[in-house]
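Trainee: Single-letter residue listing:
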Amino acid sequence: MARSTSKDAQALFNSLRSAYSATPTSFKIIDLYVGFAVFTALIQVVYMAIVGSFPFNSFLSGVLSCVGTAVLAVCLRIQVNKENKEFKDLPPERAFADFVLCNLVLHLVIMNFLG
Amino acid sequence: MADPENAKEATTLRYAFGNVLSFFILLLIGVLAFWIRLFSVIKYESVIHEFDPYFNYRVTQFLTKNGIYDFWNWFDDRTWYPLGRVIGGTVYPGLTLTAGTIWWILNSLNIPLSVETVCVFTAPIFSAFASWATYLLTKEVKGAGAGLTAAALLAMVPSYISRSVAGSYDNEAVAIFALIFTFYLYIKTLNTGSLFYATLNALAYFYMVCSWGGYTFIINLIPMHVLLCIVTGRYSSRLYIAYAPLVVLGTLLAALVPVVGFNAVMTSEHFASFLVFIIIHVVAFVYYIKGILSPKMFKVAVTLVVSVGLVVCCAVMAILIALVASSPTKGWSGRSLSLLDPTYASKYIPIIASVSEHQPPTWPSYFMDINVLAFLVPAGIIACFLPLSDASSFVVLYIVTSVYFSGVMVRLMLVLAPAACVMSGIALSESFSVFTRSIKFQLHGLSGSSQVDSGDASSSTVVAQNDAGKAEKTEDTAKERPSKKSKKKEKGIVDKPSLKAKIERRLLVLPFEASIFAILLLVLLGAFYVVHCVWAAAEAYSAPSIVLTSYSHDGGLHVFDDFREAYAWLSHNTEVDDKVASWWDYGYQTTAMANRTVIVDNNTWNNTHIATVGTAMSSPEKAAWEIFNSLDVKYVLVVFGGLVGYPSDDINKFLWMVRIGGGVFPHIKEPDYLRDGQYRIDSQATPTMLNCLMYKLSYYRFVETDGRGFDRVRQTEIGKKNFKLTHFEEVFTTHHWMVRIYKLKPPRNRIRGKTKKPRSQKTSSTTRTKRSAATKRNPWH
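Chains as they are written, first to last, in the numbering used here: chain A, 1 to 115; chain B, 1 to 781.
What the hints contain is simulated information worked out from the structure, not anything from laboratory work. These numbers were taken from a predicted model, which means no experiment stands behind them. From the three backbone atoms N, C-alpha and C, an ideal C-beta is built for every residue, glycine too. Treat the hints with care, since some could be wrong.
[What the hints assert, rightly or not] Taking beta-carbon pairs under 10 Å as the criterion, some of the chain A residues facing chain B (in silico):
| # | residue |
| --- | --- |
| 1 | Y47 |
| 2 | L104 |
| 3 | L106 |
All chains should be modelled from the sequences, with the hints used to inform the complete structure.
Mentor: The following block contains the structure:
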């Protein structure tokens with residue numbers, strides 16, 4: 001039982017890796033960016049757990065800015081992906097412009113809330 | 001060859017004509033929404049109504065005089081004496097900032113409108129905006145015809161008029177516009193999948209959070225809808241784009257508003273959005289993995305993840321539940337909890353239970369407030385199901401939840417009104433389209449397909465452009481009623497692809513006469529609705545409640561302006577620093593109009609302070625004097641309606657004074673004031689009741705008016721008729737005895753008889769001098 005699960009797990013892992021390596025490089029870059037943002041958010045949470053949450057607004061704005069850019073990057077990836085039938089007539093420049101605008105608003109709010 | 005070109009030209013011309021007509025109709029709807037709310041200005045005067053608007057007016061005055069930085073940092077020491085109130089951190093700034101901005105823009109354009117005028121007319125202007133927002137929302141759900149109908153219905157619906165007449169300068173005036181606009185942008189994002197609209201959605205949500213405490217409705221309804229879409233298998237990447245940025249940006253923006261602050265992440269009202277945020281990420285990830293793996297490997301992945309993930313999930317849920325359960329209210333605020341459990345407030349928080357707007361509505365109030373829409377709504381719900389789209393499922397969820405909440409609190413019928421208008425607009429528009437289609441089909445007989453086909457061809461090309469909400473062409477129905485009162489025109493939509501349409505049309509066609517008759521009946525229904533709305537706006541909802549009128553038996557109009565008379569007396573005949581004690585209803589008006597410091601006001605944020613005033617009103621004279629003196633009170637104000645029959649006076653509110661006071665000070669026991677379970681003031685009343693301060697201040701010298709002391713509200717003669725006041729003296733009674741102002745008598749210089757510490761004369765005199773020194777008044781009194 002355990003061995004079949006571990007074999008299954010390995011087969012799963014291999015198929016995942018092969019499927020993922022087929023994605024275009026630009027998407028891999030976006031994925032790396034998302035991963036980095038989530039990682040930064042996790043570091044901030046660990047820091048807060050160690051040091052305490054005194055300027056809570058700073059903590060909140062820091063974590064939410066990381067999570068926010070991650071979410072927006074995922075949205076960009078969704079919109080730019082040619083395999084998505086719903087977005088096939090959306091020019092990628094428009095998607096990127098929306099991404100930049102939303103990030104601008106997000107970071108304006110963050111700057112205000114950071115204290 | 002010439003035919004398709006001509007047909008194309010004809011269609012473009014029809015589009016152009018339709019768009020221009022829609023624009024003018026929308027303009028007329030806006031004008032209608034503005035004008036129908038002006039009855040109170042015409043019948044009375046341009047004055048601010050009720051109680052809460054006076055507070056908002058005072059805050060706006062402060063903002064326009066002192067600027068925005070002083071407004072954010074304002075600590076008000078003229079209310080809740082001696083506690084004060086942090087205005088910057090406890091008020092929802094949207095309304096005041098909006099009115100302040102409008103005033104500033106107009107003044108910089110050299111249009112010198114006063115702040116009061118801007119405040120009075122803010123609500124009608126924003127209801128015009130709200131009806132345009134309803135047009136946009138319904139257009140996204142069903143099409144332009146439904147949009148126009150819904151906008152016309154919202155412009156007139158009595159429930160919305162009741163909270164947004166000219167003069168009702170309250171949060172809901174702008175908040176309903178923000179609510180509908182936020183929902184419109186959410187649906188637009190859902191339909192188009194554009195991140196630009198998602199940003200706008202977050203900003204509109206920010207405006208809603210600034211304006212009203214009811215923003216928690218949005219932040220719970222949208223996650224509920226997302227969950228519904230996921231559960232019913234309608235997950236799509238547009239849903240992710242519509243929801244995920246809104247949660248992050250929305251939470252941040254909500255935390256920016258000082259009233260909400262960290263409650264945006266810590267109270268249970270927001271937890272639903274975070275939970276669904278996690279769920280949608282899980283679902284999105286699952287769909288992504290499913291997309292890149294083969295089905296066999298996907299099954300393996302599922303079994304693996306489920307076995308491992310379930311354990312982790314349970315652990316996290318256990319921690320979360322423990323955290324939430326440790327707080328006594330499970331993290332919810334009192335008002336929200338009373339929405340979920342309607343009996344909560346009456347058991348634990350008598351102040352919330354005592355507000356008349358928080359009572360459940362009666363059945364007649366539904367018909368009064370949304371009238372004809374009440375039975376058009378189910379038809380609209382059915383119309384939303386054919387076909388069911390993301391947008392129409394959202395509107396169905398909106399109407400269901402708002403019907404539930406309106407059943408809990410009468411005040412929330414206001415949230416029901418836009419949903420009811422949207423649904424009714426959809427229902428009316430769909431039925432009109434069925435009837436007009438039947439008429440057109442019957443009229444043109446066999447060769448009718450040519451004209452309709454060209455229309456279908458153009459509509460099918462438009463549909464192919466992936467814009468769900470834009471495929472329409474407006475058609476002029478044969479029947480239009482250009483009467484003065486019913487200024488709305490109904491539009492029908494025809495947009496079905498050509499092949500299916502012919503088959504469906506044969507099934508959906510009704511006989512010619514039946515269709516004409518049905519259209520006539522629908523128009524008659526609309527006429528009844530309009531007549532009712534205009535009547536409700538003119539007669540029922542335009543009373544400013546600070547000025548009362550009644551018709552005497554010879555047809556003349558009698559005006560009762562006692563409240564303003566009393567406040568003007570206070571502002572002219574007392575010192576600036578004098579404190580006035582009254583029941584909390586009149587606090588806002590006293591600070592705004594009389595400009596005096598009050599002890600408690602309508603904000604009701606401190607239950608103990610209100611209980612102190614309630615206890616003082618329920619105690620005998622001496623005890624009441626002690627309590628008021630400890631609060632530095634100089635004047636006491638009571639409202640008495642017994643001479644003229646004004647039913648909302650303080651004696652009728654007395655039961656709440658006893659209950660709230662008794663809730664904090666146990667020596668006030670409600671049974672002491674009851675005879676046979678009722679509060680009575682006649683000869684059968686209990687001695688505690690006849691000796692309490694409220695009774696004495698209300699009925700002092702009342703016998704002199706008619707010799708018998710007949711109270712017109714309670715319809716009996718009063719119990720104790722001739723008595724003197726020992727610790728208070730009457731300083732002013734208004735013309736109709738509606739407001740009575742008393743002054744606290746200063747303590748006597750020499751005391752005869754026993755004092756509290758009868759040890760020696762010297763000790764008692766030192767206590768006396770200490771107390772008189774503490775009152776800080778002129779020692780020659």
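Trainee: Against this structure, judge whether each hint is valid.
Mentor: How the hints compare with the structure:
Nearest Cβ of chain B to the Cβ of A/Y47: about 17 Å, over the 10 Å cut. The hint is violated. For A/L104, the interface hint holds, since its Cβ comes within 10 Å of a Cβ in chain B; the closest pair sits about 9 Å apart. A cut of 10 Å between beta carbons decides the hint on A/L106: the least distance to chain B is about 6 Å, and the hint holds.
Hint 1 from the earlier list is the only one contradicted by this structure; the remaining hints agree with it.
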